[in-house]
Every structure is written in C-alpha cells, then in structure tokens.
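**Student:** So the chains spell out like this:
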Amino acid sequence: MTSKLTLTKRRTFLTATAAIAGAQFTGPFIIKARGETPVKIGFIDPITGSLSALAVTEVESAKWTVEQLNKKGGILGREVQLLVEDSANDTGTGVQKAHKLIERDKVDVIMGDVNSGIAYAIMGVTAEKKVFHVVPGGHTDPITGKDCKWNVFRTCNTTAMDAAAVTGELVKKFGKKWFFITPDYAYGKTLQENFVKNLKKAGGTFEGDMLPIANADFSATLIKAKAYKPDVLLNNMGGAAQLNCMKQFVQFGMAKEMALGGALYELETLRSVPKEALTGWWVFEWWWNQPNVPAVKTFVDAISPAIGNKKPTARHWMAYVSIMAIKLAAEKAKSLEAVKMAHALSDMELPPEVSLSPNKVRYRAGDHQLMSDIFVGEVQQAGAGGPDDLFKVETVVKGEDAAGSAEDTGCKINWPA
Amino acid sequence: MLQLVLFNLTNGLIVGTFYVLMALGLSLIINLSNVVNFAHGNFLAIGGYLAFVLTPFIGFWGALLVSPFLTAILGFVIEKVLIRHVYTRNHIYSLLLTFGLGFILQDICRYIWGPSPLPLNIPQSMSAAVTPDLFFITWYRVFMVAVVIVAVAGLFALLRYTRVGMRIRAGTLDLETVSALGVNVPALRSLNFAVGSFLAGLAGVLAAGQLGLNPNMGDDLIMPSFIAIIVGGVGSLTGTLLGGLLIGVAAALTTVFYPSASEAVIYVIMAVVLLVRPRGLLGEEGMLS
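Protein sequence lines correspond, in order, to chains A and B. So the number in this note's numbering is just where the residue sits in the first sequence, counting from 1, plus 11. So the number in this note's numbering is just where the residue sits in the second sequence, counting from 1, plus 56.
Simulated from the structure, these hints should not be mistaken for laboratory data. Errors might be hidden in some of the hints.
[Said to hold, decoys possible] Here are the simulated EDC-like cross-link-like pairs (lysine to aspartate or glutamate), alpha carbons at most 16 Å apart as the crow flies:
#, chain 1, residue 1, chain 2, residue 2
1, A, K157, A, E360
2, A, K322, A, D312
3, A, K83, A, D242
4, A, K338, A, E348
5, A, K187, A, D242
6, A, K240, B, D189
7, A, K235, B, D163
8, A, K371, A, D358
9, A, K267, B, D230
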C-alpha cells in the first residue's frame, strides 16, 4: 500500500515537473485608433519574465508616444494603433507572436524585443515577410552586424559600442587585469567578446565566468573573482541579476580591493540598489539630465507626469526614438511599404527633438545601427537632481567613435530586388 | 585551488540550506495532499513582498516573524477556496490549478509592486562579513542558516512529537485509514497546506533580504526545490533535506570548474538519480524514518 502510494506520487510529481512549460498566449493589449485604416505597430516585448521591468518601461513609453502622435495627426494623417504582445522572455513565444501580428493582425511595422535572442529570432520572421522592423532595445551585435537585414533598424547600441566606450575609462582609471561575470546568452557573449577585444588591444589580461541569465546567487563566482585579484570586476549581468551581483560584491567587502564596472546599466535597476551598494563605472545609453540639450528637458517634462512623475529612463528613450523614427521614415517615404521606409530611414539624421542627444544622431546606412551618444560615468548616491539623480556623467562618447566602421561589423545589406 | 574548493563547498552548504527550506514546504504539501504546488514559488514571493510592506512599520525582525504567518493564512484560504476541490480529481487538475494560480499571484505582485526590483532592507550590521578571510560568509547568511536549522528542527519536532504531526505522517502513508479512524482529513490538509505556505513565506523573507524582490523571484528559486525533492526522494522529508544540500554543493563546486553548467548540473544529478535509483536517495525510507 505504502510503496504503491509513493510510486503514484512520484510519477505524478515527475510528470508535473516535466510539464513545467511557460508559454502564455494571451491577446494583445491594444490602444485603439479612431481612423478607418490605422497604422498598426506591433510591439513584442518580454512583459513577463526576468527582463519585464525594462520591457514594461519601453511599452509605457511607446503608449505615451503613440498618444502624442495621435494628438498631432498620427502617421501619414492616419491614426496609430499599438498592439503589444508579451514574448514572455521566450524565443519560441516571441516568434509565434511575430507571426500572429504580421499574419493575423496585419501590422505595418514590428518593434521588439528587449531580449537579444528573441529580437534576433524575430528578425528572421520580419525579413521573410518583408515587414519593417525596429529593435528598440536588444543589444547583441549580429542584429546590425554580420546578420543584418535590409528591413531591420536598431535604436539601442551594439555591445561593441558600449564596450568600446567604457573600456578606455576603466583601463585608465583602474588597470588592465579584469574578471568578467557575464550572462550566458547572446547579449552577454558578444559583450564579453568585445570587451576582451578592447582589453587585449590595451595589453590586458582577464578571467571570467559565464553564468545563467537569471542567476540569483553570485557568491561562488565572487569567491573565484577575489582569488584572481583583478583590478576591475566586470559585472555584465542584467536586471535583478546585475543588482544582486553588485550587492554581494559590496557585502563581501570586495569594493575595497577592486573596482566595479560594466557596460550597460539601467535606471530601472539602479533605483533598487541599496545606498551602500551604489558604486561602479558604467554606460548609460541615454541620460535624462543633459543640461546643455534643451529638447531633453522638454521631453522629460512632458513624459514624467505620464510615468508616475519619475524621470524617463534609457528604455523610455529607446521606445520613443523608435516610434518617432517609424513616423519619420513613413513620412519621408510617403508610404508604409517596408522597402521604401527602409530606404528613407537609412542615413537619416534625427532632429534634436527626436534624438534628444548632444551630438548628431543617425541610423547609419551601412548597417542600420543608430549612431547615438554614449554616456560613460559613475554611479552615485542620489544627487541634487532628486532621487533619480543616481549617475554622474563623466564623458559622452560619440556613437560613430565607439562603433567603428559599418564594414567592420560584418554587415552587408542585401536589398530585395 | 584547494582553498577555492573548500570555500565553495562551504558556500554550497549555505545555499543548500536555503533550498532545503523551500523544498520542505513543497514536500510537505506533496506528501500529504498529493498536490504538486507549482505556485509554491509565488507564495515565496508573496512572503517577501509582505515583509517589504511591513518593514517600515515593524522593522525587519518584526516582518520576519509576521510575514510567514500572513503567507500561511493566505495559503490556508487558498486551500479552502481552490485547492481542496481538486483532491479527488485527476492529478492534471491540481497541476493546472496551481500552475495558473502561480501566474495569477505573480501578476498580482507585478500589479501592486511593479515589475522593477525592490530592496528589502536588512539591518546594516548583518551585511558585513564574519571575518575578512571568510569574506563570503556574511552575518546575514549565518543568520539565514540558523533560521533554516531552527525551522527544520521545529518542523521535524512538530511532525514527530505532536498529535497533528503524527496525523500528518500517518496521512502521508495511508490517508484512507487515517480518515476511517475519525481524523478530520480536510482540516488536516488545510493545516498542512498552511504550514507549507508558512515555510514558503519564511524562505521569501530570507531570500528578499539577500536578493531583493521582483515578481519572478519565485520562478527563479523554485526549480531547485523540485529537484531537491526528486533527488532526495518523494515522500521523505529527510531525503528532501539531503537533496537540497547536495544540489547546493554541486552547483557551487561546478562554478569553480565550469560555471556555465552551474545550473545544468542539478538537472544532471536529477537525471542520474532517476536512472540509478528512481525512488530518490531516501525515497524508500519514508518520512522521518
């Protein structure tokens, strides 16, 4: 009796464990347009999952931007409809949602995804279906590098740009012996490769660990890092994982022995860092406090009331620029045809009220990568600018300077006949 | 290298004790009610978020005491309202119910507290390392291990020396006979589910103090619990204890040699155990034997 019961439970339990599959297929969130033939933008982002904080910010900004556009006549005089789909941080789900948006909802444009792997996978769908596609926030290099597509434009930086922008500062200030803690997926791998390339050029040495993307406990890796005695610990993790790594780094007293740094940091994450753990040198892809750029203040003042009176983050900026770029491309092309829009946006310099940056910014023709400014600096405890004044910009690196040439990325754009 | 291995062995035991705490609550519910509670990780998250709400009013220590009880009450209510209806049905009902419940609880957390990570502030003195040499052992981690030891000892004492505990143990072995002897089985199951939820809530507060809070924290932490139970043996709390420690140490030691596999190694252990000894390491022994 007992063994039979135990056997039944075990089988049930094993079946149950095997059945843990997280695909969620829910209907899209739609901002309804009033026009008869709205311009449809399908936005795929991981609203659930470990990158949800960033995705929710992007979606929040996209909704706000669409509202502003519709108040001013939309795109090509047609109102804009935003259809948001959750990729659930899963590549299969993201691809399935792309098919749904294109084939069933007949969207004119696709945006997404925060997750580099998903963005990369969606590219395959949009290229096949010849749909104009903007990647607001997926960083892995091949998207505008060796696997670039004529229909895909990217707003956020490549990992090569972020790594190049901050490497010089870290080497100059702290030294050339580094230890990497990097997430083991597309973004992390290309980021570390680029850091290593730059570090080797500077004559540096390194060791490092590739860890699962949602790794929660970093004690084992930090023990290794401490034994290596590096000048700099590169925390390349993202979201909550980046935050936990930072906290444990400080708790273990390692801040006294080595510097902390990395490529991309996000204000969404920084807000959650305990005061004592606010340390390190990082890259922000956009920063809300740019006293010398009047358009930034206008943007910040306009969007803040719609986002809980907080300061906008780089993710707000990415979604805003992406949608505004779609508008600019469509209006220059006078069409929503993907090929015409892509030609129109290639090498287009964004106006200051769209770029919100100190230098000239354009989607480079050679790889469709936005050449945006990169803000390198140090995390700080809240400054005079309020609770979101958590980053002190040390230097602004021009995107063109950090990116190298389009040819170097390996991108060769093949336009459709 | 030896020092690195020893450090990671110790570290693995610390991490493993946390897995034990999570897995014991889950195991308790499986053993008596035959319900694989996929929402267990979300109860953990709820426990952490409740502590986040309570801390400004009653401090961390107060939240540590109160939050698990509130989680237990929530578990008790959910068992009464939802879970108890699927006990007599095919197992797939309870799987689907708890799986869906997990998503609902996660979205409730996301709706109320937002998707961004939140910190749970612990007393400053707890963040410091015990000694400069053992830099990875902070006072908070020591405290966490101590709490887990007390909780596990308390649970085992409850099950061995109290009337309710004896009924739970008996129900695990033969629920029909226990029912025939006049024990109020529905009440026993509700209480048992509440105790499991209490342990999830306690794990949530402890995890939040170290890792902070986010709506997905339960998902990130729950799989090691399932694996601890499978490795240790379904039906054996002692096995769950052993399984938790084993996978904690394995993950930590793997980080020394092949960090990318630090997550995969626990699945490999599970596969090996299932192939070599399908009932788990102590599965045959039964609870507390």
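**Student:** Hints first: check each against the structure and report whether it holds.
**Tutor:** Tested hints:
Annotation: proposed proximity of K157/A to E360/A is violated, straight-line Cα distance about 23 Å (limit 16 Å). Between K322/A and D312/A, the direct Cα distance comes to roughly 9 Å. Compliance with the 16 Å bound is thereby established for this hinted pair. A threshold of 16 Å between alpha carbons decides the hint, and for K83/A with D242/A the separation of about 52 Å lies outside it, so the pair is violated. Using a Cα cut-off of 16 Å, the hinted pair K338/A and E348/A holds, with the two alpha carbons roughly 13 Å apart.
Restraint check for K187/A and D242/A: the C-alpha separation of about 7 Å stays at or below 16 Å, so the hint holds. With a CA separation close to 14 Å, the supplied pair K240/A and D189/B stays within the 16 Å bound. Between K235/A and D163/B the alpha-carbon distance is near 37 Å, which puts this suggested pair outside the 16 Å criterion. For the suggested pair K371/A and D358/A, the alpha carbons sit about 11 Å apart, so the restraint of at most 16 Å is met.
Note on K267/A and D230/B: the hinted pairing is violated, with a Cα-Cα distance of about 58 Å set against a maximum of 16 Å.
The structure does not agree with the numbered hints 1, 3, 7, 9 stated previously, though it agrees with the rest.
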